[in-house]
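> Sequence:
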Amino acid sequence: MTIRHTVTIFLAATMALMVAIGFSAARPDAAEAATVAVKTCAGGSIQLGEAEKKMLVLHNRTRGTRGLSKLCVDPKLQKAARAHSRDMIERDYFDHDTKGTNEDFSKRLTRYGYNWRLCGENITYGSGAYGTAENRFKAWMNSPGHKANILKKGFREVGIGAFNGNYDGTDNVTMWTADFGTR
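Residue numbers 12 to 194, in the numbering used here, belong to the letters of the sequence shown in order.
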């Protein structure tokens with residue numbers, strides 16, 4: 012291999028890397044997890060992560076098999092659920108109450124602008140395959156209190172937040188929050 016050939020290969024590799032970085036900077040969504048548009052309760056649309064969408068489908072499929080109405084995504088509940096999952100990962104705790112405050116989930120939903128008449132919350136986490144939507148939903152359905160929230164006839168709206176990170180010394184943990192409500 013000649014020096015000229017080696018330089019040409021190096022330049023080609025460098026250009027490919029620069030194009031990839033440039034594409035990523037121009038389209039940041041392409042560098043992040045894929046998202047899927049779903050309808051909101053008001054008829055608009057909102058972007059959910061693929062795992063969040065899968066969890067929504069699992070909720071609605073299960074409710075449908077029991078003759079219950081489907082849950083629609085409320086943007087305020089969605090924002091609250093995502094923020095809580097992220098906060099639990101970033102500040103290394105697992106609780107319905109926001110760490111270091113006297114704020115339970117109902118107060119948090121109000122802070123995010125959701126004026127609820129009825130509300131509830133499910134949280135869970137898992138790493139790797141144990142943290143998938145399917146496995147976490149199954150765990151919720153095997154827990155009487157969590158199952159009751161999923162199947163509560165009075166709930167109409169939901170926000171589902173999934174956030175990945177390091178929790179309690181374990182890498183690749185997905186923290187889940189499902190905030191339920193009715194106005």
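In case anyone wonders, no lab produced these hints; they're calculated from the structure. If you're wondering where the values come from, they're calculated on a predicted model, not measured in any experiment. We put the beta carbon where it would ideally sit given N, CA and C, even for glycine. Any given hint could turn out to be false.
Label pairs and their computed distance ranges (CB to CB) [said to hold, decoys possible]:
id, residue 1, residue 2, range
1, Asp-182, Arg-128, 36 to 46 Å
2, Ala-159, Val-68, 15 to 25 Å
3, Ala-45, Asn-146, 30 to 40 Å
4, Lys-163, Val-68, 28 to 38 Å
5, Asn-177, Gly-54, 16 to 26 Å
6, Leu-79, Gly-180, 34 to 44 Å
7, Ser-80, Gly-180, 34 to 44 Å
Here are the simulated lysine-lysine pairs, DSBU-like style, with alpha carbons at most 30 Å apart [unchecked claim]:
id, residue 1, residue 2
8, Lys-149, Lys-118
9, Lys-164, Lys-64
10, Lys-64, Lys-50
11, Lys-164, Lys-149
> Against this structure, judge whether each hint is valid.
For each hint, the structure was consulted:
1. Distance hint for Asp-182 and Arg-128: a CB-CB separation of about 40 Å, consistent with the stated range 36 to 46 Å.
2. Between Ala-159 and Val-68 the beta carbons are some 20 Å apart, a value that agrees with the proposed interval 15 to 25 Å.
3. Between Ala-45 and Asn-146 the Cβ separation comes to about 20 Å, which falls outside the hinted range of 30 to 40 Å.
4. In this structure, Lys-163 and Val-68 break the distance hint of 28 to 38 Å, their C-beta atoms being roughly 18 Å apart.
5. Restraint check, Asn-177 to Gly-54: a C-beta distance of roughly 38 Å breaks the suggested window 16 to 26 Å.
6. Take Leu-79 and Gly-180: their Cβ atoms lie about 39 Å apart, and the range 34 to 44 Å holds.
7. Between Ser-80 and Gly-180, the C-beta spacing of about 41 Å keeps the proposed range 34 to 44 Å intact.
8. For the hint pairing Lys-149 with Lys-118, the CA-to-CA distance comes to about 28 Å; that is within 30 Å, so the pair holds.
9. A C-alpha spacing of about 21 Å is found between Lys-164 and Lys-64, which places the hinted pair at or below 30 Å, so the restraint holds.
10. Between Lys-64 and Lys-50, the direct Cα distance comes to roughly 11 Å. Compliance with the 30 Å bound is thereby established for this hinted pair.
11. For a cut-off of 30 Å, the pair hint linking Lys-164 to Lys-149 stands: about 19 Å separates their Cα positions.
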